[in-house]
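Number of protein chains: 2
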Amino acid sequence: MSEVEILEKIKSELNIIEETLKTYLDSQHPFINQVSEYIIFSGGKRIRPLLTVLCAKLFLNENLNNRYLETIYRTSILFEYLHAATLLHDDVVDSAEFRRGRKAARNLWGNQATILVGDYLYAKALRLASLLENPRVMDVITQTTLLMSEGEILQLLNLDNTTLTEAEYEEVIYRKTAVLISACCEVGAILGEAKPNECLLLKNFGKYLGLAFQIIDDLLDYLSEETGKDLGKDFKEGKITLPVIYALQLADTEEKNTLLYLLKTPEVEKKDFETAKKIIEKNQGFIKSKEKAEQYINLAKDCLKELPNNFYKDLLLFISDYLLKRKK
Amino acid sequence: MSEVEILEKIKSELNIIEETLKTYLDSQHPFINQVSEYIIFSGGKRIRPLLTVLCAKLFLNENLNNRYLETIYRTSILFEYLHAATLLHDDVVDSAEFRRGRKAARNLWGNQATILVGDYLYAKALRLASLLENPRVMDVITQTTLLMSEGEILQLLNLDNTTLTEAEYEEVIYRKTAVLISACCEVGAILGEAKPNECLLLKNFGKYLGLAFQIIDDLLDYLSEETGKDLGKDFKEGKITLPVIYALQLADTEEKNTLLYLLKTPEVEKKDFETAKKIIEKNQGFIKSKEKAEQYINLAKDCLKELPNNFYKDLLLFISDYLLKRKK
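So the protein sequences, as listed, match chains E and D. The letter at position 269 of the first sequence is residue 269 when you use the working numbering, and the numbering goes up by one with no holes. The letter at position 312 of the second sequence is residue 312 when you use the working numbering, and the numbering goes up by one with no holes.
Fair warning: there could be bad hints in the mix.
Note: identical chains are not told apart, hence a pair may lie in one copy or across any two.
Said to hold, decoys possible - For lysine to any residue, the following SDA-like pairs were computed, each having C-alpha atoms within a straight-line distance of at most 20 Å:
id : residue 1 : residue 2
1  : K176      : H29
2  : K313      : L200
3  : K176      : Q112
4  : K239      : Q112
These aren't lab readings, by the way, just hints derived from the structure by calculation.
Okay, chain E solo, but in the shape it has when bound:
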């Protein structure tokens, strides 16, 4: 399978997902669609619905009937709605000004509407899930949303915890990101009518992928070209992420104090960000985070070994590598 073919296939899947996302944003009230569209069509990578579709197709015959195909796409997008719902509430909770380089929804329509449209998208996601009439899927999704919502609260309570351990960090990113990506893959497998052990393998695949995804996200907050122009969001908010945790393990007392001080200072400047980055770099915070993400990607790929060898497996492997290499 050539990279060109793989990219072609991913592009065509993403096009269908994009169309499906539009089709189901069908509130009778223009305002609700307007705010929903603003957050849904704001340049997300669609990694979640894509994984659901690919995990389903991994087990299915190419000659699927159209109706079942539609069901798969319709179900896949519920994960994007769920994700968007959490972004809206996160932005209110964090008083965020921007999201993906644009004004945050709350900056345009206020906190009130943003909270309520978040609730709407959440309800919409659960509604799409219930259309399947499949108790197993509902079980996965309701367990996922419960874990996620507890995780959001734990993250809020941890906000000022500068002694966050690696294990605590993992618990946070597990609930914040990995649980949902894991559910995308598991529900895909259920839709593909995979056997129980295969569903479990894909559930774990998604979990490891999600952990790696969030570690890379947290790394890019310091190192991406975009943050090159500005300060990292996590740094500005004083959020302790893996690069900082690793750096604090090796840093001497002076470096440690400087790093924590800069993280906790409300008004930081570009030069403070550069100082923090130097301390993290010198104390292996970036390199060790990258290694950790690599380990998780390898664990994810291992989960695929016993699964059917076909085009869709190649796509899942490709995406795993892509998530590790991405620059934004």
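Following the hints, position chain D against chain E.
Leaving out everything else, chain D in the frame of chain E:
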């Protein structure tokens, strides 16, 4: 059936519901339970779970096995969690200071935690629903939450609409209150394995009951003994409710202007509230609202006519009358 027996039975059902509510607030994180308990155990009437239980028992043999009984109670409380979730988000959206005579949760733990615990209770409710593994119940509940969340947004958009018609008001209270109470009754009927037409009758029973319930609530905001000590919340917030809509229909221009002016003034005093009440009273706003609520209660009771005649029907009729007569 004597009133004493009826009250005894209601009290014993409410006790079991109260216990069940406690049992299932079982997050591993004390903070989540603390905030959840604060809103859940703040003097709610438990009308929603009570209706689910009674509507189920209307169709069931008295010698139910314990496991199925537990399932009914477990399912009934999900409506209280859902309701509590909306109260938490409402309080943030309305910047409410108080709720049921106590400080609002947001006043104790801040908006951030309040939004997220609202999300948690919502997720918890859906989780309890999914434990039933019953696609019909999931269908009712996800449709309900979707309608409710749209309704919340419509209410927000209508906030400054002083030309709200009776039909628009009904749409608001239908989504705000009646949809959920209707779902309580319908899910009860499904748990009672009622026939499809019986489920529909109870769905409608709940709808009419819910409409009446909210009209009485809006009436009590002006007339209850509690608001006798203070100003009504709706009046303070400038919310247009049925008594105002009716009064505006009959009021002369001067009364109309005064009433709208007082409703829209940010800092109102006790004497302004009394003036508004006099205008509403004089223009039949209260009496006509009460009549409207009565009409809905009668429609609700009509829905019960073709259903089994037993003790539980007596209880449902009693509750219908109680909701109309309640003073707080």
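Hint check:
1. For the identical chains of this complex, K176 and H29 are inter-copy neighbours only, at 16 Å across copies versus 30 Å inside a copy, given an alpha-carbon limit of 20 Å.
2. Only within a single protomer do K313 and L200 lie at most 20 Å apart by alpha-carbon distance; the minimum there is 16 Å, versus 47 Å between protomers.
3. In this assembly of identical chains, the alpha carbons of K176 and Q112 lie at most 20 Å apart only when taken from different copies (16 Å versus 23 Å within one copy).
4. Taking the shortest Cα distances, K239 and Q112 sit within 20 Å of each other only across copies (16 Å), while inside one copy they are farther apart (25 Å).
In the structure shown, no violation is registered for any of the earlier numbered hints.
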